[in-house]
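Work out the full structure, taking the sequences as your base and the hints as a guide.
Residue numbers (the UniProt record's numbering), protein chains in the order written: chain E, 1 to 208; chain U, 1 to 208.
Honestly, I wouldn't trust all of these hints.
Since the list gives no way to pick one copy over another, a pair counts as held whenever it fits inside one copy or between any two copies.
Dumping the calculated DSS-like pairs for lysine-lysine here, alpha-carbon to alpha-carbon at most 25 Å [stated by the list, open to error]: (1) K109 with K58; (2) K74 with K104; (3) K52 with K74; (4) K168 with K107; (5) K142 with K107; (6) K164 with K104; (7) K58 with K95; (8) K109 with K74.
In short, the hints are calculated from the structure, not lab data.
2 protein chains.
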Amino acid sequence: MNYPNGKPFLRNKTEDRSSRNPYSSKIEYGGRGMTLESDIERSNQYYLRTGKAVIHKKPTPVQIVNVHYPKRSKAVINEAYFRTPSTTDYNGIYKGHYIDFEAKETKNKTSFPLGNIHNHQVEHMRACSQQNGIVFFLIRFKTLDEVYLLPLSKFEFFWQRYCKEVKKSIAVEELRENGYYIPYQYQPRLNYLEAIDKMILDESEDRV
Amino acid sequence: MNYPNGKPFLRNKTEDRSSRNPYSSKIEYGGRGMTLESDIERSNQYYLRTGKAVIHKKPTPVQIVNVHYPKRSKAVINEAYFRTPSTTDYNGIYKGHYIDFEAKETKNKTSFPLGNIHNHQVEHMRACSQQNGIVFFLIRFKTLDEVYLLPLSKFEFFWQRYCKEVKKSIAVEELRENGYYIPYQYQPRLNYLEAIDKMILDESEDRV
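Have a look at this one:
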């Protein structure tokens, strides 16, 4: 599978970005200023509202140690700690398919560092994949303002390379080759279901 | 669908409970002393370990207001509040099926009160069901020590009755008729996947 999204390497960045989203104001120029998380959140709300999919971010896992119950007001948690997530951040359902993914953004311009992906998360994703789930990463390059969907099946090569201490990151060119480019648009901001459709089609062809 | 689990109404309770699980010690007599949550947790761990399903409880949603970062030790959340969950407690994947459910237990001996089920949770479950997910409640009667799986499709009747202020609860007999009885066993403690298999079979027959 080469360049499934047909994204060209060389092009006029400024021209491309403005043509990408004719509705964007100066403030919402592309994805700039917005986090990947808030873009996914908005898209998920759109998908839910239009009956296209039910996908939610899981709450941050917190270990609650102490709770105070003041009179006539709600309970206050006054001692708690962040716990390492054992799964991914997002899951849900789309047209009967179980969807499971992790979203990450990087300030790095040339590659996506794999250092902050935990082994137990990859284990979880593999387990979901074995049950025939649709499992992937959503990766955003902040400075390039580009978002890619990378299927777990494609991620495995880079993860092996990382575990063998050959290379600590995925080059942006490698993502362009192996992932699906997700353009910013008016609504939903990140139409990643479209990329999922392509991924399902490609992976079913791979199986034949 | 009547009595899908074949559970009889009248029987010798003591005899039945001991015959239900020949491996149970006096301490782990049936589900007694264990919460529904811990029984589901153990079963989910078993399912994960044996590659049967990947189902997790979502973390408790908490709104974090203030975090303290002490030197040389981990971050402490010193002000946070419980948020109302907008979805269900459990979801995951089983043989390609998206699984979504809410677990509740009651001390009530004769009926399951619907008062602590939120409308937005039912809305979420309906949305998942429309995407062809497997959606249900797991309900445990503490004193009777009985657990039932009630499909959302069957729950709807009782929910309508509740919303119309006709009846505030589901009688245990109604659960026996409309739900799937899940016996306690050695491993997994609550084999609810077996009940899901029956539910899938019944609902596919209903569609024909």
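| said: Treating 25 Å as the Cα threshold, decide for K109 and K74: within, between, both or neither. | reply: neither (45 Å within a copy, 30 Å between copies)
| task | State whether the alpha carbon distance between K74 and K104 is at most 25 Å within one copy, between copies, both, or neither. | result | Answer is between: at 22 Å across copies they meet the 25 Å cutoff, but 34 Å inside does not.
| said: My question is about K168 and K107: at a cut-off of 25 Å on alpha-carbon distance, are they close within one copy, between copies, both, or neither? | reply: within (15 Å within a copy, 54 Å between copies)
| query | Should K164 paired with K104 be assigned to within, between, both, or neither, using CA atoms and 25 Å as the limit? | reply | Classified as within: same-chain Cα gap 22 Å, cross-chain 46 Å, threshold 25 Å.
| Quick one: K52 to K74, C-alpha cut-off 25 Å, is that within a copy, between copies, both, or neither? | neither (36 Å within a copy, 40 Å between copies)
| What label fits K58 with K95 when the C-alpha limit is 25 Å: within, between, both, or neither? | Both ways: K58 and K95 sit 20 Å apart in one copy and 22 Å across, limit 25 Å.
| message | My question is about K142 and K107: at a cut-off of 25 Å on alpha-carbon distance, are they close within one copy, between copies, both, or neither? | response | So K142 and K107 pass the 25 Å test inside one copy only (5 Å; across, 52 Å).
| How do K109 and K58 come out at 25 Å by Cα distance, when the copy is not named: within, between, both, or neither? | Neither, since 28 Å and 34 Å both go past 25 Å.
The structure does not agree with the numbered hints 1, 3, 8 stated previously, though it agrees with the rest.
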